[in-house]
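Position chain B relative to chain G; hints supplied.
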Amino acid sequence: MRKPRKTGSQAKAQTQDPDRLQALAEGHAAAGRYREAVAAFKDLLRVDDRPEWRAALAAAYAGRARKLAAKGMPKEALTVWENRAQLAPDLPPEPDHYALLLRLGRVQAVADLYLRWVDRLDAASLASLRSHLASHHLGGEAAVTAALPADDPILVQGPIASRALDAYCQGDDETLRGALAAIPFRSPYRDLAQILKAMQRYPDAAEEIATSLARVRDESGFATLRHACELAVEALWTATEALPERLVAADETTRRFALTLAGWGEERQTLWGEVRRTHEPGSQALLRMLHRHRARLGEDWARRQALRLLVPGFPKSAGWITQGGARRLSEEERLLVSAWRAEHGADPWEELRAWKAYYHRLLAAGRPEPGSDGALSLALILRRVESHLGILAEVTPSGDPMSPAEALAEAVELSLTHDPDDRDGYELLVRYYLRGRDLKSARPILDRGLARFPSDAGLLTAALDLALAANSFKKATRYAREILAIDPINTGARERLVRAHLAHARKQIRAGRPDLARKELTQAAEWEPKTGQGGPLSERRELLGALLDLTQDAQRGRAVLGDQVSALGGGISAALALAAECEAAGRPVASMLKIAGLSRIPVPNQAELSAFLARLRAHLDEGERLTPQIRHLIEKPLSLAARWPLPQSECEGACETLRRAGLPRARKAFAEAALKRRPGTPVFVLHAFEARQDAGSRYPSHADLDRLDAAAERAREMGDHRTAHRISEILMSFGPFDLPPPVREWAPEVPFDEEDADVDLGQAGIDPEQALRLFIDLMGVDRLLDMMGLSGKDRKQFKALERREGRAAVIDVLMDLMRENLPDFANGPLPNLSGDPLPRPLPAPKAPTNGNPRTTPIPPTPGRTRVERPGAGSRGGGGTGSGKGGGKEPGPDDPPAEGPDQLELF
Amino acid sequence: MSDPYVILGLEPEADDEAVRGAYLAAVAVCPPERDPQRFESLRAAYETLRTRRARLAQALFDQSPPTLSDILDKAEPVGAPRRPARRLVNTLLRGGD
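Those protein sequence lines, which keep their order, are chains G and B.
Going by my numbering, 693 is the number at position 693 of the first sequence; the sequence numbering is gapless.
Going by my numbering, 4 is the number at position 4 of the second sequence; the sequence numbering is gapless.
Extracted from the complex, chain B is given alone in its bound form:
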């Protein structure tokens, strides 16, 4: 499915301006030359939500089932890489679980 709201980090009540703002911000972070695939998904999400009619149509007619990844993205999207905690590294240094 890849929920376009999740892709653009938008709330369900987002309007035209919010959609455009989120799209431009996302493209600035991830321009097409850096990650063409990600850019394509941003572009597709933007087109899906660009206008009020498009947003209503998405709500009414998008029937693609969610994947586990979609649900996880909705619960907590993948963020920036983070360094692990020392205790986690210590466990690995002692040979893991």
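Chain G on its own, in the form it takes in the complex:
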């Protein structure tokens, strides 16, 4: 007889060292590789049938069975469990084993196990096995009743547990409590009692419920019920939108149980399940859902929601609606969705266009009755862009055609014809026009508003402001009185009224009517808010009174003025207050200061300086500005006061206030003094630089820019991002490539092609004049004057102009000169401004020789200077630059040019 061939594993088992094989098997088991562990332990048992290896194989079987069950292979798992039972019949059954048996409907097998083991299991294992059978018995599994003896506790205590469960489901808590009390502690239904007792309190006391549920072990036959209850408790802590996602992993019954407890009705659960089944929760699935259930949801509601779903992808998404089965978009719907879509962009013009198109579409259907929903809707549509963007509430009318403000104002005004009861619309428009001092536009709107809302404090306040802006002081007083009659504690109106009287008093002083001015001052005193007495308004009133006294009784006036100046603390603070009042009342500042003993303003001490800066800040906060005369008066003593060692924060505040006041020299003095005390402090480097520039400094040097750069870096390190940002912006403005930003607003978008590389600035959408202005500004007027080779006298004139009118004015003059003298200046290439010095003026060239306009020298103009263009050599052309088409290169046969190519500046 032939000897049977050994299998590979048998052969391996016989050849391998058992110790190594055991280590291998245990390694597999520890790593959860149960299939390999089973094979290895089997090999070991072939070598030697040791009890510990048999137990280890049984454990590996259990691990493998659980793994298969988790993979959704219950039958395969059960086979492995049975292998385990055969291998080790003395091992007690595992809960997962009998749970699987029950799941597969093998109730009898579990009952057999139970009867076989009932006397041998430890308490915990027996309770677990019993609870599984009890759970199925309670769930209506008839096989349990048939399989167990009648006196088994599972059957004996079943009815009371069933009564408790019925009572719970019916909400009969009293019966439930009674039934629960009748279930013994060691009952197979103990876990059920625990669950029902906890869930009786649902939805209150969620945390206590969760704690009670956690006491039911995973091995319990009631663990499935416990899990469903836990999900229902979680629902109490989860937003409704997120709730179903947490339930996705649960089976249908568990989900229904939890959702029902959480208050979800049948229809809601069914709808949700419908969408879940499509696995497509996107817009198109929702569109289909809306259409399918439109009768339940309401036709109009479903349609409106459908339109909203189209917005992000519109107009491409317009087709989705028909794909979902609904009718196609009407023209009106299309315009509405377009308007919604336009709001996603950043273009107010596009929004205006889209909403106006919708407005006109609705209007075409017929003008609705005033006051009807239709009329209100039209008004709301016209106001939509303003209410969405809030432009009119912020801006000042500028006449800028690029600004949508004017169009928005027109739309809001038109909206008032449909909805004349929109009080806010009147106020918005009046305030907008008031900011631009367009009183003519503001007045009729205000009149219409006041006709509708005669007692509206907001509109009356706007009327007061309008009257003040128009210098109609009597009218302003009347409005202020009306406001105070409605709202007696309206401090704002009182202050406005006092200001109105003071302004009127100044007007009367200027008009030479001291009697009337005095009357106004008396009224101002009467209306002064109690809280404001001694404040800036009374100061002003008293100063005005002193000025009036001076006109009527010089001696008394001097004495009163002296008292007032003393009351103001004398010095620079008093000088500012008095000078400001003199300017406003048309009184000579210098002589009044002289009378007040302030013809020479002393350098303030530290306390006086702090008080003055506070006063100046308040002055600016009220919207007042310093006249050049006042600035001239205070700047020197203020600059000298920079030596006082102010704390850093106060010094920063001082620099900022001086910036706002337009006092660059004083600001520079404070910034530089601060830098001496605290070298390199970024914010003072910034102030010093800006102040130098504002004071008319030349183009900054590399050292200046390097200092700024270092300061920006330090500011970033210190976390002072505001200063770092401000410095970065300055550095960018002085960058070598700082051209105006791309002009998308008006330049058509043209795809780039190679020819674009040669396009000059003008063709690229950048205004050559603007670019040239920028170049001159960057290089500095001095340098340009140097390049022009002007005489000292001419240079002095330009410098005087710059001091008097500012740099922009000088650049304007230079630009005008170029415009006059450079034929292609307006639309041609830029003149040479590369920084190369231009040669000295030369005599005018002779008359043209070849008639070619591009090569014809500019005829000389008497009194103008002709400047030779550098590098022009023998090139012809009267153009001003080297851009393409700027003139042809002369050929060898061309006649020689009569003179150098020249640029005529003066």
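Hints are supplied without guarantee of correctness; some may be wrong.
Said to hold, decoys possible - Covered stretches of chain B (in silico footprint by chain G; criterion: 3 or more residues with CB under 8 Å from a CB of chain G, positions within the stretch not fixed): (1) 12-22; (2) 78-92.
What the hints assert, rightly or not - A short, non-exhaustive set of chain B residues, derived as facing chain G with CB atoms under 10 Å: (3) 3; (4) 5; (5) 50; (6) 72.
What the hints assert, rightly or not - Non-contacting residues of chain B with respect to chain G, defined by C-beta distances greater than 10 Å in every case (computed): (7) 9; (8) 26; (9) 28; (10) 30; (11) 31; (12) 39; (13) 44; (14) 48; (15) 70; (16) 71; (17) 74; (18) 95.
Just so you know, the hints here were simulated from the structure itself, not pulled from any lab data.
Just so you know, even glycine gets a beta-carbon here, dropped at the ideal spot from N, CA and C.
Showing chain B alone in chain G's frame:
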């Protein structure tokens, strides 16, 4: 989106009085100290629908797309917690689906 009409349980033709009544009733059930988040949504819904102009503006300009939750709320809002039927519990006791 969270449709303010659904939040307050109102019909589309509700007027000022109905809106106010629904808001006060909802706040009485769910005061801010019990559920601040819910109260905030009630308050926001009330402000959105408080006046006739506000309701018209909501209809014209609210373009926020509905979520599944919004559609479910419209079909059948979440109600008070309910005890499950015995047959559902029985299925769970037998191990679920």
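Checked against the structure, which of the hints given earlier come out wrong? 1, 5, 15, 16, 17 and 18
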